[in-house]
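Asker: From just these sequences and the hints, can you work out the full model?
Protein chains in written order, with numbering that gives the first Met the number 0: chain A, 0 to 569; chain B, 0 to 79.
Please note that a few of the clues may not be correct.
[As the list claims (entries may be wrong)] Cut-off 25 Å, straight-line C-alpha distance, at most; resulting in silico cross-link-like pairs (DSS-like, lysine-lysine):
1) 95(A) <-> 35(A)
2) 33(B) <-> 459(A)
3) 16(B) <-> 273(A)
4) 273(A) <-> 33(B)
5) 292(A) <-> 273(A)
6) 95(A) <-> 273(A)
7) 277(A) <-> 16(B)
8) 528(A) <-> 34(B)
9) 528(A) <-> 273(A)
10) 559(A) <-> 476(A)
11) 14(A) <-> 407(A)
12) 547(A) <-> 449(A)
13) 95(A) <-> 33(B)
14) 277(A) <-> 33(B)
15) 489(A) <-> 528(A)
16) 69(B) <-> 95(A)
17) 528(A) <-> 476(A)
18) 459(A) <-> 34(B)
19) 273(A) <-> 489(A)
20) 489(A) <-> 459(A)
21) 373(A) <-> 273(A)
22) 528(A) <-> 69(B)
23) 34(B) <-> 277(A)
24) 528(A) <-> 33(B)
25) 273(A) <-> 34(B)
26) 95(A) <-> 34(B)
27) 273(A) <-> 459(A)
[To be verified] Listed next, with one range per pair, are the computed distances between beta-carbon atoms:
28) 55(B) <-> 390(A): 51 to 59 Å
29) 63(B) <-> 505(A): 41 to 49 Å
30) 8(B) <-> 293(A): 45 to 53 Å
31) 394(A) <-> 63(B): 37 to 45 Å
Treat the hints as calculated values from the structure; they're not laboratory data.
Built from N, CA and C at the ideal position, the CB exists for glycine as well.
Below are the chains, spelled out letter by letter.
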Amino acid sequence: MLDLSKYQSVGEALKDALDQFANEVCLIETDREREKERLTYHEFKNRAHPLAKALQEASFGAGDRASIIMTNQSKWLISAYAIFFCGGVLVPLDYKLTPEEQWQLLKHSGATVLITEYPIWRQLSGSVGRAAATNVRLVLVTEAPVSADLSGAQRWEEFRGSGEPVFVARKRSDTASIVYSSGTGGRPKGCMMTHENYLEQCVALTSIYPFWPDVRYMSILPTNHAIDFMVGFFGPFTCGAAVVHLRTLRPEYVREAFPKYKITYVSLVPLVLKNLQKGLQARFDALPRAKQKIFNALVALNRALTKSRPRPGISRRLLTQVHDAFGGELRAIIVGGAFSEPQTLQFFYDLGIPVANGYGLTEAGTAITVNDLKPFRADTVGKPLPGMELRIVNPASDGVGEVSVRSKTVMAGYLNDPELTAETIVDGWLMTGDLGRIDETGNLQLFGRKKNMIVTEEGKNIYPEDIETVFESLPVKEFCVFAANYIWPKRSMTGEQLVLVIHLDPGQEYAEELRRDINSRNNRLLNYKRVHGVVLLDEDFPRTASLKIRRNVLAERLAKVDTASAILPL
Amino acid sequence: MRTLEQTTQEVLDLAAKHFQLPAGSLSPGDDFFKKLGIDSLQTLEMLSRLENHFGVELPDYEVQGVSDFKTLAERIQSRL
Numbered sequence: 000m001l002d003l004s005k006y007q008s009v010g011e012a013l014k015d016a017l018d019q020f021a022n023e024v025c026l027i028e029t030d031r032e033r034e035k036e037r038l039t040y041h042e043f044k045n046r047a048h049p050l051a052k053a054l055q056e057a058s059f060g061a062g063d064r065a066s067i068i069m070t071n072q073s074k075w076l077i078s079a080y081a082i083f084f085c086g087g088v089l090v091p092l093d094y095k096l097t098p099e100e101q102w103q104l105l106k107h108s109g110a111t112v113l114i115t116e117y118p119i120w121r122q123l124s125g126s127v128g129r130a131a132a133t134n135v136r137l138v139l140v141t142e143a144p145v146s147a148d149l150s151g152a153q154r155w156e157e158f159r160g161s162g163e164p165v166f167v168a169r170k171r172s173d174t175a176s177i178v179y180s181s182g183t184g185g186r187p188k189g190c191m192m193t194h195e196n197y198l199e200q201c202v203a204l205t206s207i208y209p210f211w212p213d214v215r216y217m218s219i220l221p222t223n224h225a226i227d228f229m230v231g232f233f234g235p236f237t238c239g240a241a242v243v244h245l246r247t248l249r250p251e252y253v254r255e256a257f258p259k260y261k262i263t264y265v266s267l268v269p270l271v272l273k274n275l276q277k278g279l280q281a282r283f284d285a286l287p288r289a290k291q292k293i294f295n296a297l298v299a300l301n302r303a304l305t306k307s308r309p310r311p312g313i314s315r316r317l318l319t320q321v322h323d324a325f326g327g328e329l330r331a332i333i334v335g336g337a338f339s340e341p342q343t344l345q346f347f348y349d350l351g352i353p354v355a356n357g358y359g360l361t362e363a364g365t366a367i368t369v370n371d372l373k374p375f376r377a378d379t380v381g382k383p384l385p386g387m388e389l390r391i392v393n394p395a396s397d398g399v400g401e402v403s404v405r406s407k408t409v410m411a412g413y414l415n416d417p418e419l420t421a422e423t424i425v426d427g428w429l430m431t432g433d434l435g436r437i438d439e440t441g442n443l444q445l446f447g448r449k450k451n452m453i454v455t456e457e458g459k460n461i462y463p464e465d466i467e468t469v470f471e472s473l474p475v476k477e478f479c480v481f482a483a484n485y486i487w488p489k490r491s492m493t494g495e496q497l498v499l500v501i502h503l504d505p506g507q508e509y510a511e512e513l514r515r516d517i518n519s520r521n522n523r524l525l526n527y528k529r530v531h532g533v534v535l536l537d538e539d540f541p542r543t544a545s546l547k548i549r550r551n552v553l554a555e556r557l558a559k560v561d562t563a564s565a566i567l568p569l
Numbered sequence: 000m001r002t003l004e005q006t007t008q009e010v011l012d013l014a015a016k017h018f019q020l021p022a023g024s025l026s027p028g029d030d031f032f033k034k035l036g037i038d039s040l041q042t043l044e045m046l047s048r049l050e051n052h053f054g055v056e057l058p059d060y061e062v063q064g065v066s067d068f069k070t071l072a073e074r075i076q077s078r079l
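Answerer: In structure tokens, the structure reads:
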């Protein structure tokens, strides 16, 4: 691994990695059963440098912002490297957002360059949102068909300069990227991550989950997500490891990729992990009775032998068939983006496949705590990573309070929002809004949220304010969306739901027509953003002088109503 | 060559079979997340079955944001 303490920027470290590991494989890209690409670090450099040169010829330089909206693939990483090489600031956006949401964030970020793939550009170029983001002056599109109408964009494959580009140095304190943790509706939350944030996070994470040139990391979580950016790009690249991209994420191709590419690590969201568990359990249950007995005995033996620490060699010998299905080289499944249920984590650990569960926020530079497996604890999210100071603010008598963190990995602040930054980072401590307790062994346990938001099992952060626009002009006196947990705190991080609180006009009834109207508006939202039910409140909403709803006061009033009877299903 | 109506009907029949629902219980306008109570992963599994049936490949981006059978059938039809 490179000694990252010597480097000032992400670009500088990556530049050295491409030379140091020149002959190692860095990228493999497959589409179903077809392998589309296999690049060494040297070949990666040969792809990226002409792009960097062309960007420089287009006057893209230090501090300029370039956005990538792409599915996981080699061109994502090649483009990101070229941006860093030029001293630029990367703005990775979620390819699953709607075109309007993407344009909104492009405008907010001030990006002058957009790199995207043709199917996404087809949607983006036809969207009305395009007119507002006049800051985007250069669009590069990958894999466009020969006769495609590019609507003013240029082909990524043909955007190549000749001659060597000039590397642009940056300082550790400079912004390396702007990562949106949420806020597509109301208030965009663009986390300004510095080069130091990434360099420090990489050192901390790889000290517990190391990479080396034989490692193969399968990249499934979107690369715009802080986790995949770190463990599916920067981490493996600074250690000479390889990243495997799948262009289709159908479960059968994901399953096939494990043995085919001898995967070492993979990151998954809890939903996918649970699905994997379900599939495996169904196969175990289908075994003949006698085999089932033997299998269960082997699992129990493995559990006993790995109680204090993982023993990969022993687990592989005991449960060979299970491990072979995963390629025989899998060292850990990294799970992130949302909270995982302890029983799922234990299920995999008992099979000899440790799940690296942890806890983190984009604002904190990805991970704050990670299970160090010494021993494995399914009921906690692990211990703080090296360099992380953790504090529980205003703990109750049982020790539960708001988790706050101080570290070199904490973001510089939210882009263009000093007010929100000041609320979030107080005296150098990042207030997470999550409730937790540090147990006697130093492991963090989580107990719900203090903030008005939910995180889905797919790792999506949803803020109620962001989805309210869909209910605008609803024929009622007033309405407001809440995370049910925020009103009725539940000591759980799973099964979170949104509710629509309605104050009807005088004499108005909650009629079938209104319910249908709400339903049809709700269905316009992406499935994971939809509200779960309606709560009726027969009093005026408390408001500020500028007539904004005082959400915390309203939540306190609602808290007096019984949850079970309050939520009317849609 | 199938008509869009035929494709739509076959999509509905296969989805009903895949999720073990009575034949004829699904309609073209149904939101499959809501009607079937499934998640995005289960949708991908259903897509693989549809691909095999129709002998087409549906890139993931083609079905991004699609949540009703009618639109899904249209995407399949465009590749037949």
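Asker: Which of the numbered hints are not met once you compare them with the structure shown?
Answerer: none
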